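Asks: Spelled out, the chains give:
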Amino acid sequence: MTETQISIQNLNVTYNGNRALKNISVEIPKKQITAIIGPSGCGKSTMLKCMNRLIDMTDNVTFSGKIIIDNEDVFDKKTDIINIRKKLGLLAQKPTPLPMSIYENVAFGPRIHGVKKKPVLDETVQRCLTITGLWEEVKDRLNSPASQLSIGQQQRLCLARGLAVEPEIILCDEPTSALDPVSSQHIEQQLLKLKKDYTIVIVTHNIHQAMRLADYVIHLYLGELVEHGPANDVFENPKEERTRAYINGTMLSDLKIDKEVDLKGNICPYNFVLAKQALHELSKGNVLKLVVDDPLAVTEVPRGMEADGHKIMSVKQINKTDWEIVIQKKE
Amino acid sequence: MNTRRLKDVLSSRLMLAAAVFACLLLFFMVAGLFFRASPILLTVPISDLLFSIEWSPFEGKFGFYPFIMGTLWVTVLATVIAIPVSLLSSIYLSEYASNGLREMVMPLVDLLAGIPSVVYGLFGVLAVVPFINDTLAPAMGAETIGGYSILAGGIVLSIMVFPIIISVTGEVMRSVSGELREVSLSLGATKWQTIKHVVLRKARPGIIAAIVLGFSRAFGETMAVLMVVGNVAKVPSSIFDPAYPLPALIANTYGEMMSIDLYDSAILLAALILLLVVLICNVIARMILVRIERGII
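Protein chains in written order, with the numbering used here: chain B, 1 to 331; chain P, 1 to 297.
Bound-form chain B, shown alone (with noise of 0.2 Å):
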């Protein structure tokens, strides 16, 4: 295996008692695209925000583990933050551009850090800018608002804004999800350009770009680590029967639905038992999907139906209160 660049080692966290990410420990390698993937509320951004430690601007949660970048622990009270978030650029979901000029916002990361002199700031800008293909589309109106670019402008604008205070490693929190299929590709373009030079982490729940993307994988599931290895291995050959159920269950665009039952209101056991009896009632290779609210049965109506033999097929959040759950029997 490559060199590390990222070391994780025993991550928990929690928010308001629910447990975020049990117990992950991996290794991301350096200059390779690593991506997580895993359905939605898995933990994938949880993890991106605490190798920054945004986590830090979120009420109520506590962490405990490890996480070494360059022999620093991220989470050691004597690890100066600021410096460690030097080195991890990112590029958030929604493309966030400051509300300032389009030079200020390239311009901004290095003037935090003390560059003061215009020709320095100026060659930065216009280095970051033509990296992400940007330049040559507003070398005329470095001064107007950056609210005015298109949405796929303003990310790649991001990106450039990132790039400027010369980070290692560029972490990307679904960065792709907010744009158009054109803008999309862009993006992607740039990342593949961009890994010579740096490590990059991405999130997505989008298994294709996952796919085409990246050289190292690691699948969450309800803050647990499922798996992580080489893509091919884990695209081809995956170890872990959820991860095979979630790529082929995210393949299938048009999942056709045999029965639909609402268990909103029910609590463990009798989701469980409910649903066990509507899956009864199905015969073999049909489809179920179960609206549920407990957030205990998120976790345990599937690992149970898998222990009873049946392939888990997605499980994501459809609303603040309800989860959808997606069971193919099997027996």
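DSS-like mimics (lysine-lysine), calculated; alpha carbons at most 30 Å apart, straight line:
id : chain 1 : residue 1 : chain 2 : residue 2
1  : B       : K316      : B       : K289
2  : P       : K196      : B       : K117
3  : B       : K289      : B       : K330
4  : B       : K320      : B       : K94
5  : B       : K66       : P       : K191
6  : P       : K191      : B       : K118
7  : B       : K77       : P       : K191
Each pair of labels, with its calculated beta carbon distance range:
id : chain 1 : residue 1 : chain 2 : residue 2 : range
8  : P       : L101      : B       : K78       : 25 to 35 Å
9  : B       : H113      : P       : F51       : 51 to 61 Å
10 : B       : R19       : P       : Y92       : 26 to 36 Å
11 : P       : V30       : B       : N143      : 37 to 47 Å
12 : P       : L101      : B       : D80       : 19 to 29 Å
13 : B       : Q277      : P       : L6        : 49 to 59 Å
14 : B       : S177      : P       : V30       : 49 to 59 Å
15 : P       : L26       : B       : S144      : 32 to 42 Å
16 : B       : K259      : P       : N99       : 36 to 46 Å
17 : P       : S177      : B       : S144      : 13 to 23 Å
18 : B       : R19       : P       : S98       : 21 to 31 Å
19 : B       : R212      : P       : Y92       : 41 to 51 Å
20 : P       : K191      : B       : K196      : 33 to 43 Å
21 : B       : K22       : P       : L101      : 28 to 38 Å
Far from chain B by the CB rule (all over 12 Å, computed), these chain P residues:
id : residue
22 : L16
23 : F21
24 : L50
25 : V125
26 : P138
27 : D264
28 : V283
Since the hints were derived computationally from the structure, they do not count as laboratory data.
The model shown is predicted, which means the values in this text are computed figures rather than measured ones.
Each residue gets a CB set at the ideal place from its N, CA and C atoms; glycine is no exception.
Dock chain P against chain B, hints included.
Replies: The following block gives chain P in isolation, referenced to the frame of chain B:
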């Protein structure tokens, strides 16, 4: 038509009438004030009214300049004192304080807005005026009339303006998205750099609106100012001078010297000026805030 329907129609009409009445009230007030102020507007040129320093109603001289300047001095001073204090405290409350602390302190700040202004006035007479007379003015080598001064008015007024600026700026700053803060922090900015360059920048229009709202509150405040500001109809030249703001003039003299020709008209003109200034300030501030709410700014 049965009674049920009749009741339905009647109640909706009644509510419509009440709503229309409430809206028309403002219009009637402006129109009424203008109508009653028109005699003086017709006889004395408007420039004399606004810029003449001579206030001798017995001779028919109605120069509002000393009163307008008195109002402006007190209001601007109050705003200048209030801005840093309330801005810093609202930055602390919305960016640094824990949720629990904020939920405890914000109602206290709002309570400050509910205290009757005469109580502030008393506090001014009993605490601020003696402090200026005994300590501050001698220390600065300034003369005052027993401590009754623009400074006293400004201090008392600024306390009355705090809650408005604190709660409006706090709201505007909390409406700045967390993503924007995360972006700045992730670039390695410190918390203070993030607040200074990103949060305050994004919240700037809202903060201006908050200040304008505070200004208009101070501009029209009568009781507390009247009790501590000295009420001398002279153009002030320092913050230790007394002043005679427009609201104090109206409250003190309306109904007293009504036999004098045009006096009634002059005082109502003062009221009209006051009303219009406060109205315009409020409209501007509300417009900014509505635009922020809709996400235009």
